[in-house]
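Taken in order, these protein sequences are the chains called E and G. For the first sequence, this note's numbering gives the first residue as 1, with consecutive numbering after it. For the second sequence, this note's numbering gives the first residue as 1, with consecutive numbering after it.
Simulated from the structure, these hints should not be mistaken for lab results. Some clues are possibly wrong.
Below, in silico cross-link-like pairs of lysine to any residue (SDA-like), each with a Cα-Cα straight-line distance of 25 angstroms or less [said to hold, decoys possible]: (1) G:Lys76 - E:Ser72; (2) G:Lys76 - E:Asp316; (3) E:Lys62 - G:Glu70; (4) G:Lys107 - E:Phe148; (5) G:Lys107 - E:Ala362; (6) G:Lys76 - G:Gln28; (7) E:Lys515 - G:Gly150.
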Amino acid sequence: MLIYDTLISYDDDLEMIPWLAEAWTVSADGMSVTFTIREGATWHDGTALTPADVKFTFDHHKAAPADANYWSLLQHTTTITVSGQVVTVVFDEPFTFAVDNLGSMHLLPKHIREGVAADAAVWDDATNVTAHIGSGPFKFVSRTPSEFIQMERNDDWWGPDNPYVGQLPNIESLRIDVVLGQDARILAMRSGEADTERYEVFGAYVNSILNAPELQLVTGVVSQWDYVLGFNTTVAPFDDPDVRDAIALGIDRQELINIGRLGFGTPTNSCIPAEFFPAYFDNDGAFPTQDIDAAIDLLNDTYTDGDEDGFFDDLDFDLWVLSWDDISVATGTGIKLQLAKIGIDCNVKVMDDGPMYEGIYAEPRAFIAYEMSHGYSAVPDHVWWRMHSDNIVDWGDNCYGLSDTAVDTHLDDFVGATPATIAAAARQVQLDCLEHKPFIPLFLSDDTHAMRAEWVNFTTPPGGPFTSFNPRAMVFMYDSGLVTEPPTGVDWVLVIGIGAGALIVGVIVTYLFMKKK
Amino acid sequence: MHILNESGAVSARTSVGTRRYIAQRFVQTIIVWFMIITLNFIIFRVMPGDPRQALLGEGIPPELRQAIVERFGLDKSLIEQYFIYLVNLFQGDMGYSFSHFGEPVWKTIFDFRFANTFILMGASMAAAIIIGIVVGVIAAARRDTLIDTGSTVTFLVAYAMPVFWIGLLMLMFFGFQLGIIPLAGTITRGYVHVNFLDYWRDYLWHMTGPWIVLTLSFIGGFYLIMRDSVLDVFTQDYILAARAKGLKERTILFGHAMRNAMLPMVSVVAVNLPYLISGAMITEFVFSWSGLGLLTYHSVLSVDYPVLQGIFLFLASITVFANFLADVLYLYLDPRIRY
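Isolated chain E (complex conformation) (with noise of 0.2 angstroms):
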């Protein structure tokens, strides 16, 4: 999104906006869409940008190997034309999110990229110049595997004449450097050597933040990772719905989100949660709010606690939850204190990718539940992925077992939705979700992202100012000059007392060694 144009963005609510597409029209069936490209772009080599480029994008993709971003979409299409300024793509069946997709494909020039196979190792040379021309706000420069990418500001951006953007970059010069551990990367933005850092900070990280005066931590945004509690539906006790039922009833969001993120998170009670996807949030499919008696009321009709050990019998079950991830663990524990209010003992089980992804994903699934975070784009199509039945091959994320066909229809619908039928189309698989539970929606971890004191008026979408849903972030922020003067000099205090304690330890140590010989 920097170096590379896409035909739309988004805007602070993930709402679609015009990017090198001035506009866009959905036909009334859903099977034909239109882009009107911006007049006057040019690519970084100063030649005209022109609706061909476009075409040739889609063209390119389309006839890429078949593992390819974007080459199952692009089979899809039956014939893509150019007139004028506007590029017509006709589908053989409807698709909601085509707009979504296809504005979102980086677009390439065609008189550089003809007739060079899209996976040649030209594009990957990191001296070619020539190979990484795109037309976005910023020109590559160089870049040096594994140490770092420079690129320059493009003073012919088309920026100036969109106004959703109506500038061209502050930043006039942007490089991304690799330092690979929490702690370099903190010095490194406290020294100045680095302005932020690609990925939220780890929670244990926050407070280092918080306390260096140099830094500021972005916070009050929500980040893309979405939290969710995952049941096998076709294994006990998770094929009782009243289980899953008095579950989604037994959680608190929010002290869940005070255990695993320290505060740091949004709750979320919808699969198509409106803090992410306002468009297409209804509250009718809302998950209910802790209500603990209910839950219980609810086991009670089915399940006894015949050991009168304080849980029900037979429904004790594993929680898996990912080794690396600290929240996922930290909201594992915080699940388990919440199940046993209502009478589940939940036994968190600590597991590592491998393992665990195979577990979850592969036939056969030998997870009963989990709780981890899958990760959101700006298109909620995640619904289907995860709960339509013909998802069921391996590697699939239907890994809940949910063969439902009325779900499926639904999911069909929505995914093949028109612009008229979209809204009662996400609606219904919300309820769909709510009504069979086959994962409960818990959290958004916040992006607490830190970033040099002296950064200012930067935009905070959902998925947070640095990922690639916003590239609007990097254009109107900037340094507002009032630097904070880094810590100058040691701090002997520290390194007197460091010093003088290893001193006393290897004299303590030497002495013993020579009274004993």
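Fit chain G to the known structure of chain E by using the hints.
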């Protein structure tokens, strides 16, 4: 060329028995190497986790999944995959990385990462060996003095301290507070080097932090073995004889004791040679030093089987052949060995 020993006979190193020994060791080495190749294939197929998972994320259409699986040959039987692996291997083809834009594995390993690791580890081990040997000999000669005990304690402490902790302290004090070492990388990011010398100056400056950390962590092992070895040599008759001849203590120490005490060091160095290749995962991570240790770490996380196979194969090959060379070298270094 025949080399005559003191008695005038043909040296052991060119005798028939010796040649047969070397040939036998070579055949053994090849067999072990072949077993490693096979093990290297099997081990990645039996470990938990499916490589396909790494390739396939959420929301990937079934036909796309299938295309990816077929592209990497993951749909074929294990036997079939094994023979493809063998044939490709002997053609110098180690496959394509799952995660590095599908580039050939040999490129992922040797493009720049191998050099980064080799230079860093080589410099650290060389410094550690030299310091370990010299201080080890001195400590043995001054046994039970303050020098001996002091150096033993110091090097043991350095040996025992976790490298990531020393690394972080170095970054904190020398990198952040004093600003005399860089915080990350092998070169200054964004800086255009004026010439090759300028590049090397920058490179070596960036190497300072990880080099010190690794040297500190390596010295202990070399020092202790050298010290014990020299102490053992001191009990030998020829040292007594040397003293009786009235040789200077310095000559006895470095001319007689050290040279003979070096033999165990050959084995220790040979055993440590794979580190030159494997890199130091944690140190490379702390200093963002893009070497093979870091590549291994990332490949494990991303279940990049072809790269892991390539690294392990390379590593195992170096280990096997380094040990073979060490055995052959012994023949030359130790005249007592005869076959």
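Status of each hint after checking the structure:
1. G:Lys76 - E:Ser72: 23 angstroms, holds
2. G:Lys76 - E:Asp316: 40 angstroms, violated
3. E:Lys62 - G:Glu70: 19 angstroms, holds
4. G:Lys107 - E:Phe148: 19 angstroms, holds
5. G:Lys107 - E:Ala362: 32 angstroms, violated
6. G:Lys76 - G:Gln28: Roughly 32 angstroms between the alpha carbons, so the hint for G:Lys76 and G:Gln28 is violated.
7. E:Lys515 - G:Gly150: 13 angstroms, holds
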